[in-house]
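*Asks:* The residues making up each chain are set out below.
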Amino acid sequence: MTAPDETGIGVDEWVEQSEGRREGHTGFTAPARRLFDKLTPGSRLTLFLLAAATYPFLVRGSDVRIGITILLLAMVALGLNVVVGWAGLLDLGYVAFYGFGAYFYAIVASDQLPAHWPTWIAIPIIVAASALLGALLSLPSRRLVGDYLAIMTLFFAQIFVELVRNFERLPFVPDDLNLTGGPNGIPGVKPFEFFGFEFNGQELLGGTLPTFSRQYYLVLVFLGLLIVGLHNLNDSRTGRAWRALREDTLAAEHMTMPVNRLKLLAFAVGAGIAGLSGALFATVQNGVFPNNFNLFVLIIMYAAVILGGSGSIPGVVLGAVAIAYVPELLRDPTKAGLLFYVGIAVVLFVLVRRWDKIAATVGGVFVLGLVVRFFSSRIWDESILGEVNDTSLSRLLDDWVLNFESQRDVITSYAFVLAIVGVLLVVLATGWWKIAALIPTLYLAILVWENKLVFQPSITRQLLFGAVLVVMMAVRPQGLLGTRRVEIM
Amino acid sequence: MKPILELRSLSKAFGGLQVIQDLDLVVGAGQIVTDDDPVVGQGEAVADLDFSLKPGEIVSVIGPNGAGKTTLFNLITGIYEPDSGDILMDGRSIIGLSPEQVSNLGVARTFQTLRVFLNMTVKENVMAAAYGNTKVGMWGSVFRTPSARREEKQISDLAESKLSFFGERLMGYRWDQPAYSLSYANRRRLEIARAMATNPRLLMLDEPAAGMNPAETHEITELIGQLRDDVGYSILVIEHDMHVVEGISDRVIALDHGVKIAEGSFEEVATNPHVIEAYLGAGAAGTK
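From first to last, the protein sequence lines are chains A and B.
Heads up: the first sequence at position 183 corresponds to 172 in the numbering used here, and the numbers run straight through without jumps.
Each number in the numbering used here comes from the position in the second sequence (counting from 1) with 410 added on.
Some hints here could point you the wrong way.
Stated by the list, open to error - Pair by pair, the computed Cβ-Cβ distance ranges are:
{"#": "1", "chain 1": "A", "residue 1": "Arg250", "chain 2": "B", "residue 2": "Asp434", "range": "24 to 30 angstroms"}
{"#": "2", "chain 1": "B", "residue 1": "Gly635", "chain 2": "A", "residue 2": "Arg343", "range": "53 to 59 angstroms"}
{"#": "3", "chain 1": "B", "residue 1": "Gly621", "chain 2": "A", "residue 2": "Ala425", "range": "48 to 54 angstroms"}
{"#": "4", "chain 1": "A", "residue 1": "Ile148", "chain 2": "B", "residue 2": "Thr555", "range": "37 to 43 angstroms"}
{"#": "5", "chain 1": "B", "residue 1": "Gly621", "chain 2": "A", "residue 2": "Lys27", "range": "36 to 42 angstroms"}
{"#": "6", "chain 1": "B", "residue 1": "Leu427", "chain 2": "A", "residue 2": "Lys27", "range": "55 to 61 angstroms"}
{"#": "7", "chain 1": "B", "residue 1": "Thr555", "chain 2": "A", "residue 2": "Lys27", "range": "28 to 34 angstroms"}
{"#": "8", "chain 1": "B", "residue 1": "Thr555", "chain 2": "A", "residue 2": "Asn275", "range": "58 to 64 angstroms"}
{"#": "9", "chain 1": "A", "residue 1": "Trp344", "chain 2": "B", "residue 2": "Val641", "range": "58 to 64 angstroms"}
{"#": "10", "chain 1": "B", "residue 1": "Ser557", "chain 2": "A", "residue 2": "Val48", "range": "52 to 58 angstroms"}
{"#": "11", "chain 1": "B", "residue 1": "Gly621", "chain 2": "A", "residue 2": "Phe25", "range": "35 to 41 angstroms"}
{"#": "12", "chain 1": "A", "residue 1": "Lys324", "chain 2": "B", "residue 2": "Thr555", "range": "25 to 31 angstroms"}
Simulated from the structure, these hints should not be mistaken for lab results.
On a predicted model such as this, the values are computed, not experimentally measured, just so you know.
We treat Cβ as the ideally placed atom computed from N, Cα and C, and that holds for glycine.
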């Protein structure tokens, strides 16, 4: 059979190339993207594991805890990715399985029960029980999709926290039995122990490695195994069927795929991974408390999956790293300031794009600062004598931006409101008007930052974290390593 | 030899609107190849003529918009349950089975409004449809056991052979492209390849030539003939393009308001006054 219409193929090729052009192979991230695409999945994993394994050597002892948090979030987000990213089921009850695994392990490995279970027995049982719970909870919701499923499963998440918080008051529980410890949680959870070797908070290899590293490497090994297993599963008939389900459930059903069984399996696999992560979390924290499993934790998990790129294993891991590491970075005023100005730079690149305009904006902000300072210091000299935050960046800017000695709160509040008005103007304006609006807005933002926010790390952290997420999602709506979903017919 | 598909006085109404009414239909009963004029649709009566039969036949369903053609497909594949009547596959009733169960019995379909898995690659689209004919469980896949590897290779080969059916169009570099990057016509081809991968005996094509240019329409006509002759499928086609219907049909059925108004060869149906009236309105038949 000859192909009578060569143009048809040409059109397809053009469409595919334009996809490629859009798909991150242009712009300043292109070299990194191309390098990433060249690596095989195995070498990507090896590189990641090597980098992760050297992390404890590069940081001070207590910072290893941050590493453990990151790895745990990566694990639990990978489980969520099975349900949400692959099978396309919006499961808002996922955090309940994480909590279930954590509480299960805490109960069998603390003084809540007279006998401690050996770890190598407890872990498989916890994973199986979590998976079973996931399968059971998916039964009433298997006919539901999208937002209906989300509401139903959200109920499970909420009920889990209430149940553990009020365990001893449940009708079928005797008054003197309080297995979950109620609002006080369960302290004193024993670490994992395999054949006499304890994965406690102690140093590995007689103190040559920093503290907490036993637990760190334990979680890293589990994460590595999980990534391999999930990668294999994704490239199998089950993984393909899940994705087919996500793309078009009705068509999948017509193509021999048992939709309900596959949904149940996705729930079970996700829940099993959550249960395992929960057990690890319980041992790392040495205890479990109801608030460890509230809706905020669920949102963090979702943020990791969505930010990294729903459906992509490396993406989800990267998303977890970003979500768990950025707030830690923001604790340090120097790094927070750095992030603030990097954020401004990114906004500039995204909003303005052209080099001449970027240069004009930066120059404009610089000149505006000098002019304002010149006149302000003549009129009211308290406007430049205020306390300066003790970071090198702030000291550098001290001779340029205003620093109020008195009335600081009032002035920064007005400046903040004006900055928001400025943001609105920037969004509405086009062309050079956009630059004209951008210059005072940026100046006001820096003014507010240097006078107020930099002195209040706790508020700033949340604000800046939110801003970072907004910027990242605006730059790559499909997630850092995700592929753009297309719904065109 | 029992027919692959048999409908017995099938009826379906949506809220008082009768969409399918008392429809009888036999597909894949066999066809005499020695005769110039095929005699088809005689059900079990032709059972003793086994030696001279080949299983594949192409039955076209035509009718104006709203005649109930797609509803008929949805009834057969198990999306809807009929109000009355029976649907038999190989002589067994399939009423009440889910689309998944029906597809595992050997019925595969394409959709009028294309439903490829847009964000999966071309090859994955076809590989996914092999689910029902493969066995490896989740753990086998997680650990990549030897049998899992073997089966994966088989699925891959199956997908490649089905895609190769469409010449160069869906081959080579196309395999790893997402399905959304395909043109409309190629998505139609991909849907057919995907349906073929379920290993069906009855293929149901819902307007396979819609949205294709004349050259492509000609090509798809030849291709549907090949599906019958080379692969041996029985094929039920909904089609509006009368050139396609004329080119491929062993038998044509005309529906109007859910009622079968004509059945027979293309010439018979095309000249049937009821059919002309259904398409062109009352009185049109007389002017012809």
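*Asks:* Confirm or reject each hint.
*Replies:* Hint check:
Separated by about 35 angstroms at the C-beta atoms, A/Arg250 and B/Asp434 break the suggested range of 24 to 30 angstroms. At about 58 angstroms, the beta-carbon gap between B/Gly635 and A/Arg343 stays in the expected band of 53 to 59 angstroms. Distance hint for B/Gly621 and A/Ala425: a CB-CB separation of about 49 angstroms, consistent with the stated range 48 to 54 angstroms. Between A/Ile148 and B/Thr555 the beta carbon distance is about 39 angstroms. The supplied range of 37 to 43 angstroms therefore holds.
Taking 36 to 42 angstroms as the suggested C-beta distance range, the pair B/Gly621 and A/Lys27 conforms, at roughly 38 angstroms. In this structure the supplied range 55 to 61 angstroms holds for B/Leu427 paired with A/Lys27, their Cβ-Cβ distance being about 59 angstroms. Range check, B/Thr555 to A/Lys27: Cβ separation about 30 angstroms, and the 28 to 34 angstroms hint holds. Checking the proposed 58 to 64 angstroms range against B/Thr555 and A/Asn275 shows it is violated: the Cβ atoms sit about 39 angstroms from each other.
Between A/Trp344 and B/Val641 the CB atoms are about 60 angstroms apart, so this pair conforms to the stated range of 58 to 64 angstroms. As the Cβ distance of B/Ser557 to A/Val48 is approximately 45 angstroms, the hint placing it in 52 to 58 angstroms is violated. For B/Gly621 and A/Phe25, the Cβ-Cβ distance of about 37 angstroms falls inside the hinted range of 35 to 41 angstroms, so the restraint holds. In this structure, A/Lys324 and B/Thr555 break the distance hint of 25 to 31 angstroms, their C-beta atoms being roughly 47 angstroms apart.
In summary, the structure is inconsistent with hints 1, 8, 10 and 12 from the numbered list given earlier, while agreeing with the others.
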